[in-house]
Amino acid sequence: ACQPQGDVSEEETSSDTESEASDHPLAGKEIALIMQINLGTFSAQYIAGVEEQVESFGGKATVFTSEGDLAKMASNLDAAINQGVDGILIDHGTKEALNQGVEKALEAGIPVVAFDTGIDVEGVVSLEQGDQQMAEMTLEKLAEDNGGEANIVKIWTAGFAPMERRQVAYEKFMTDNPGIQEVTAFGSATDNTALDTQSQMEAVLKQYPNEGEITAVWASWDEFAKGAVRAIEQAGRTDIKVYGIDMSDEDLQLMQKDGSPWLASAAVDPADIGRIQVRYLYQLLNGEQPEEKVVLEPVFIEAENLPEETVTTDELSEYVEGWGASDQGYTDDLRELEGQ
Amino acid sequence: MQVAEKKSLGKNKNSVKENAIQFLFKYGAIALLIFIIFYFSTISDAFFTYGNFSDILRSISIVTLLALGVTFTLVVDGFDLSVGSTMSLSTVVSASLMVWYDMPLWLVLILPLLIGVFVGAVNSFLIVVIGIPDLLATLSMMYIVAGLHRTYTEGYSIYNNMPLTSGGTAPGQLSEAFLWIGQGQMLGLPVPVWIMLVMVLASYVVLNHTRWGRVLYMTGGNAEAATLSGVSVKKVKFTAYVISGIFASMAGILFTARVGSGQIDAGAPLMMEAVAAVFVGYSVLGAGKPNALGTFFGAAVIGILLNGLTILNLPYYAFDIIKGGVLVAALAVTYVYAKKKFSKA
Amino acid sequence: MQVAEKKSLGKNKNSVKENAIQFLFKYGAIALLIFIIFYFSTISDAFFTYGNFSDILRSISIVTLLALGVTFTLVVDGFDLSVGSTMSLSTVVSASLMVWYDMPLWLVLILPLLIGVFVGAVNSFLIVVIGIPDLLATLSMMYIVAGLHRTYTEGYSIYNNMPLTSGGTAPGQLSEAFLWIGQGQMLGLPVPVWIMLVMVLASYVVLNHTRWGRVLYMTGGNAEAATLSGVSVKKVKFTAYVISGIFASMAGILFTARVGSGQIDAGAPLMMEAVAAVFVGYSVLGAGKPNALGTFFGAAVIGILLNGLTILNLPYYAFDIIKGGVLVAALAVTYVYAKKKFSKA
Amino acid sequence: MVEPLLSMTAIGKKFGTVTALQGAEFQLKKGEVHAILGVNGAGKSTLIKILSGVYQQDEGSIYLDGAAIRLDSPKAAKQQGIYCVYQEVDTAIVSELTVAENILLDTFAEKGNLFVSRQRINEQARSVLHELQADNINVQQKAARLTLAEKQMVLIARALVHSAKIIIFDEPTAPLSIHESEKLYTVIAKLKAQGVGCVFISHRLPEVFEISDRITVMREGTLVQTYDTAQADQDGVIEAMLGAALSHELEPRAHDIGAALLEVSNLSDGQKLKDLSLTVAAGEVVGIVGLVGAGKTELAKALFGGTPLTSGTIKLDGKNAKIKHPADAIKAGMALIPEERRKEGLFVQESLEANASFPNLKQFSKRLLMDRKAEKRYANEIIERLRIKTGSTETPLVHLSGGNQQKVAIGKWISLNSALYLFDEPTKGVDIGAKVDIFKLIRQLAESGKGCLYFSSEIHEAIGISDRILVMYNGQIVKELSRQEATQERILLYASGGKEELGEKQEFGERKRDSVSI
Ligand SMILES: Nc1ncnc2c1ncn2[C@@H]1O[C@H](COP(=O)(O)OP(=O)(O)OP(=O)(O)O)[C@@H](O)[C@H]1O
Ligand SMILES: Nc1ncnc2c1ncn2[C@@H]1O[C@H](COP(=O)(O)OP(=O)(O)OP(=O)(O)O)[C@@H](O)[C@H]1O
Ligand SMILES: [Mg+2]
Ligand SMILES: [Mg+2]
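Residue numbers (this note's numbering), protein chains in the order written: chain X, 1 to 340; chain P, 1001 to 1345; chain S, 2001 to 2345; chain G, 3001 to 3518.
No lab work stands behind these hints, which were simulated from the structure alone. Worth double-checking, as some hints may not be accurate.
[What the hints assert, rightly or not] Taking lysine to any residue pairs in the SDA-like style, the calculated list, with each CA pair at most 20 Å apart, reads:
1. LYS3373/G x VAL1205/P
2. LYS257/X x PRO2171/S
3. LYS154/X x SER1166/P
For reference, chain X alone in the conformation it holds in the complex:
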């Protein structure tokens, strides 16, 4: 609440003032965003994307977070329905916990778009990142950089749908590339994932102190990658490289640092995810029938492609093709609405 005003140019801010007076039928919608976890910069950017897109459509977004508690998430879903919101966005969660609430929402005529949830209710649009594809991209890059021979550490945890999709790709990759050996694997999603990963990674480095014992780290989530990168930097190990999945603004800063071990990551712009999710919701609100399964196209980011000076994810599109520029989910009606 205390952030300073950034140095923003005039034209950019003027857009929200315009939409207020609009009398478009899709204007003034109340959108609820139901989240399971709200952790790290990724979530914050995702929320920002949602809010930005909803506002540009002249609506208002309300965020319900659940501190990782699925029961609370289900309650929040109920509460949103009771409040009579016009549309619901869901971020993570499990189908067992949410199906009932989603059905109730559909009965009440509230459209639902889910991201990484695994909800299987007819009429719900489900977004997922190309998780397998992201895993493949990074793993292949890893193999390529090391000539198909590497000793790697895997950081991964069970229990999350996207993680498990990434795991599928990982297993397939490992069988296809016998030159790549898994030295050890760990990982836990905690209250303080990055720091806990850092201490665990430090211990792993202790265990394998010699060059060559570990060639690379494959982190299935950027919170893991952050911890691993810090541990490697602190230990002064220049021989170990990190390949990650997901990319938040904060990660980008880490990757750009001189001599950063973090070489590559595959990701969908978190803000883009939010924006696209909102667009599909508005398609539903507009009475259109988009496809029910939407796979978000991941982007591959390599450290070597990044410029000398630090850039933020906002400017990343200038250097990485396809970043932040996705116009997935747009229809003519929506473009028109945005122009209002």
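The hints should help you fit chains P, S and G with the ligands onto chain X, whose structure is shown.
For chains P, S and G with the ligands alone, coordinates are given in the frame of chain X:
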């Protein structure tokens, strides 16, 4: 209950102020609740509806069960910090019994409760026999049980037909009958709400209207005097911690049934919330001590507040401020009143 | 310290057993530590190295600072649960001062400390003036401060050149000088280790070798006697909570400098760990009460244990069991000893 | 006339509804030892707590060296040079700190050197203890390990550290043996020679007459009279203290004593109690008298199952009773009215009803559910029977006066209809009127065939109520006296170790406690 109060002696010059405090203490919490409900109702039409209230009740049902357990330990002047972990353990155990071992429903319900009994027994062993203060003993148990539940599942959450680390997929699923406990409806109210109401009522009757309740309160009030009146304080403390363990297990079972999977660490964030509910409940109807109705009421106040605040579109990150603020206010009323009462003696 | 002991009166038949307990109490914790170190050394060559020990020390530095604050409140018979939140607040404030406002280093270091002072002052207001029990007052503050720190950052973590919600990017960066505090080396040891050692030493000297320390212990041991000796118990409690707030802020600053960004909720998981360290520290050298060296020692035992267990490749989820187990063992020794002592008096 | 060093005039102090002091007067000259005498609750401690800044008087003024002073904290009093050795030993000892630290406690609160050198404080503490001839106390050990007498010596030492103008001793000799007390007398004589004004409170008349220059007698919060010790006679002083003679108020027993009800033989608890044997018959009141710390409370608790026994048998109604816990004792037909009623006997935050029904909850519940009406009925019954003054049966007991609380502590046992009642100092802190009520109640119980054990250090009261008196000394019963044989002097003699006939008992001298409460 302790609602009857002696007529003010009239000797006090500031008896008006005193009466105001008295009133605030007795009805303040209720007045606050009515005000909150009224306020939110004027803001949003969606708030004061049957559906919303039944949802609020369902959303507080798990915390309320936990908080009832804490209430029992506080009544005997103890404190159970391990309820959150115990709930987590019971969550994963009940899920695993179905998913991993395909057990019949009755076992799925009984075994977690036995675990609750066991944790309560260990707690009271540490407290009563070893003599570790309640807070520290249950803090240690909080860690141990949390570690146990993660070790049991090897860090995985448990869901239908999950892949097993040993290869293959788990044979079982959460049964429909089990899920009904958490997701079903009965006579127009969600099943968890019924369970909560029955437990609140049972706890209320036990604590306020039975011999046992009397013994629990008296032991908490003055353990030495209770001993010399023929009460075995050890047994009483044991009972209270076992009850607390059972309530935590019930909360865990309910959680599994509600979300349809055995989430890891489900109870950890709920522990502090349960404690907060109990403390807000102190000031209900001027009880000035832990009591079942107050606990329910405390959970409801917090639940309604959070529900209303989301309607108000307050940012989620401000909720904790409000939760803390309500807690401080309730505690301040209770303890300012206690000081008054004490200085009169 | 309290090592001087009266010769056993010799009247006791079971004085051998008694002596064993005495010994266990005084040197048990140290013996345990030596055993652990020895054991891990035999298992892994990587364990008993200068590098590893300096890493362990660095990894416990933040928790130790938090725990020192808790120690001070425990010394005056209080309890500060809000240290975790205060640390989180200080983490994001120190980062934001640099990233958002590009402030000079001295302000970046001073302002968070002032916030710590303020939180401590509010805590002691609730406890001393309103009369809310320490645990409940600081529990409420834990919520409020956690909410405040999230509200302050609107839920974002703070990092170099972050984009602002209002558009544009933040002007500042964490300065090199600042990062050195968390990541630098000095005379062969990491800077955080130096900070921790200095603070432990300072706390030790203050608590054990100054008049103030006596006043603190005196107040905690018997507030009435302290009052009769002319101590203002309110001022003493106030001081202890302010010190606790300052330590929590220092931990927050250190955390920011260590990870190079202002992570949200950084302190929450560390609070319980700090409390555990203090309690393990009770039993060091037979102090039987909160003490600075013991706290450091407690943090070290836990840190070494966790380090060794990771090297052993034990699954992370079992760590909590061990942490809880160590805590129970330390507490059991302390309180079994206390019981013995008491029944002899 | 010389200007007095200290003068307190028209001091008044109320605690809630209790008037502790009203128009109290006190004067102290330089280099004088001035004793204050008075029965329990006369207001002695309150007066000196006002003098040492713990309480502030509601009315009246204090003059030091002729100038009016205001003492609003213990610190302020210390700055004026007024130091105090408080009566309640445990309120002033910090048991976690060492002896040396406890002795120098006041100096820590003062301004001065920031650093504390352990060596120096040990040195200082040792030299003060040396002055008290208590070199045997190790200054480096924790105060928790001291005996009560040693703790008292530490507190006395604390007052001697400073150069004081006035030192107040509130019952300093109560936990001390004669030998230790004599060391204190020498110190007081030394202080006196240095011109320090000493206030000395004690219940032990001989020592008061031995060491004091003047005696002030207080009763019910006011000054009765100030005597020059040289001119005062003991009987006159006692009369002034007691006011109405109390021992004549009870009628002699008119009923017969029945068969033996309680037979205790060779009871020991491994600590204080050694080889005690006693009997109580139905309808009999047996007094157990001894000085503070003789072990009366321990005996009562041991009989009631509160503390474990190492040997001995307890027979009730001729049957061996296995009593491991108070619950067993209650089942066997015993009731204990403990000494510290607020701590051990009552639930002061709870209502009279809840307290009264507690020992016998089964009678006040149908199946499991409590029967509130029955509780209320019973509460009203004991209110009437014991003449308890209270607004309603639902008032929490904190609002009742001490005497009325004591009556509740007794009344709660009546519904059980126990056969044997143990009263441990039932008149402690109880006003005269309530005292008489309690005596009458005990008599009533005896008349209806109950056995009563009456533990007390108030010798004359015990003589008044008991049919038979057992004198306790150092955890043993040293003498049995019939009502006719019992006189205050004889009991006191045995209670303090029995110097003449039982000279050999002197070997216990070290742990002997010789104060007499009157
Ligand atoms: N803090 C207090 N609150 C309420 N009443 C008190 C308090 N202190 C003392 N009193 C009452 O004041 C009266 C005088 O007590 P005080 O302690 O001065 O008696 P005393 O003469 O020292 O008796 P003793 O010989 O037993 O020490 C008693 O009735 C007592 O109950
Ligand atoms: N005022 C006191 N403060 C602390 N400890 C005490 C006090 N009085 C007695 N004790 C302890 O209790 C032990 C036994 O005392 P107990 O209470 O059994 O004696 P009593 O004859 O009942 O004395 P009282 O007259 O105080 O009731 C003593 O050895 C002493 O250590
Ligand atoms: Mg007194
Ligand atoms: Mg006694």
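Hint-by-hint comparison with the structure:
no.	hint	in the structure
1	LYS3373/G x VAL1205/P	17 Å, holds
2	LYS257/X x PRO2171/S	17 Å, holds
3	LYS154/X x SER1166/P	19 Å, holds
In terms of the numbered hints stated before, the structure departs from none.
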